[in-house]
Amino acid sequence: MNQSKTSNGLFFTWLSILGVAILIGLFAAFKLLTEGHHLFNANDVLIWSLPLGVYIYLALASSGLTLLASIPLVFGVKRFEPFAKRLIFLAIAALFGGFISIGLELGNVLHMVYILFSPNLSSPIWWMGAI
Amino acid sequence: MPRYAMVIDLQRCVGCSACSISCRNENNVPDGIYWSNKITETSGTFPNVRYHYIPTLCNHCENAPCVRGCPTGAMHKLENGITMHNPKKCIGCKYCEFNCPYGVIYFNWTYPHKPWKNKDKVLEGTTSPKEEVAKVGGNTIPYYNPEREDTLPGIRPKGVVEKCTFCDHRVKKGKLPRCVEACPADARVFGDMNDPNSKVRQLLGKFRPFRLREQIGTEPHVFYIRNFNPANYQPSKGGI
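Residue numbers (the numbering used here), protein chains in the order written: chain A, 1 to 131; chain B, 1 to 240.
Excised from the complex, chain A in its bound form (with noise of 0.2 angstroms):
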């Protein structure tokens, strides 16, 4: 009984720091999203940021899932059958992160129709954002 009590105690401890996080992670994230890029303490110097590390790291940790994902899906591995689901799903999920992140990265993402319109095959940075 007397256990029981104190594990409650801490289990309500422990979701009230949760909550206060989880606060504080939507209040960073509003800023993020209403004010930009100039949060992260970038100039014209140290021009690209966090949210670009993490984009690469978020859209190949998605190309990497959907590889695994391809073993029971496309080459038919019955042993890894059971991932194949939440691989799928992890991937998508990372993918959106991702999607957020370079969305912070990038002055203006609305312009991103232009990748499309008007490419310009010599740039690196086109063939990394296509491919």
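Hints listed in this document are in silico derivations from the structure and should not be mistaken for laboratory results. On a predicted model such as this, the values are computed, not experimentally measured, just so you know. There's no promise every hint is true.
Quick list of in silico lysine to aspartate or glutamate cross-link-like pairs, EDC-like style, CA-CA up to 16 angstroms [unchecked claim]:
| hint | chain 1 | residue 1 | chain 2 | residue 2 |
| --- | --- | --- | --- | --- |
| 1 | B | 158 | A | 81 |
| 2 | B | 114 | A | 81 |
| 3 | B | 135 | B | 150 |
| 4 | B | 158 | A | 35 |
| 5 | B | 88 | B | 150 |
Counterexamples of contact, computed for chain A against chain B with all Cβ distances above 12 angstroms [to be verified]:
| hint | residue |
| --- | --- |
| 6 | 25 |
| 7 | 58 |
| 8 | 124 |
Think of the CB as a built atom: it goes at the ideal place given N, C-alpha and C, for glycine as much as any other residue.
Add chain B to chain A, keeping to what the hints say.
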């Protein structure tokens, strides 16, 4: 088609920064962004010292690394050799800034001309910056130059890069770039590289020009000629 270039005569240049100030007025450049800039350097220890001043701007390179790297073609070359930027296509990836060997491209990190949006009165009984702007038409800054709108948004929005355009809106009308016109010492000479009789070509033939970071092969089209050194010393062979 002409190929525009600029020659900067360092002997005539007095380092007054009139070019930078006039550029700000002409192109409505916000704080923290320098279309026209300078390299300053001091050398030696007192009393044997020397101060060097080199005015800089976009070099309008022939092999422009910023144009080559731009994923959407927002940074592009005009037929007359000017490296031009189209903010409508710019996604703000800052790759041009990363590529530029001269550091003359700047990014609009926040909304431009923020201090002019301030509604607080400067002193009791005076007006606020915002009221001052409203008095003269309310176009973000009191010294707004509408002529800039010919080829580029008058004030570039947040989230895109911007840089010197050789005042292409003036050049198009047959006028000189603003910095050239404003230079009180006639240190800046603007002209057509393809015309053998232009002043630029005459000067480049007469003096031995140098360009910034020539060795990386970007073919910059801002040339520097001569140098000025008022220092004097007693002739001597030195000694051991």
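Structure-based check of all given hints:
The straight-line distance between the Cα atoms of residue 158/B and residue 81/A is roughly 48 angstroms, outside the 16 angstroms bound, and the hint therefore fails. Distance hint between residue 114/B and residue 81/A is unfulfilled; the C-alpha atoms sit about 57 angstroms from each other, more than 16 angstroms. For the given pair, residue 135/B sits about 24 angstroms from residue 150/B by alpha-carbon distance, which is inconsistent with the 16 angstroms threshold. Under the criterion of a C-alpha separation no larger than 16 angstroms, the hint pairing residue 158/B with residue 35/A is consistent with the structure, at around 10 angstroms.
As the CA atoms of residue 88/B and residue 150/B are separated by approximately 14 angstroms, the hinted pair is consistent with the 16 angstroms bound. In this structure residue 25/A is separated from chain B by more than 12 angstroms, as the shortest Cβ-Cβ distance comes to about 23 angstroms. For residue 58/A, the non-interface assignment is confirmed: its Cβ lies about 17 angstroms from the closest Cβ of chain B, beyond the 12 angstroms cut-off. Against chain B, the non-interface label of residue 124/A is violated: not every CB pair exceeds 12 angstroms, the least being about 7 angstroms.
Going through the hint list in order, the structure does not satisfy hints 1, 2, 3, 8.
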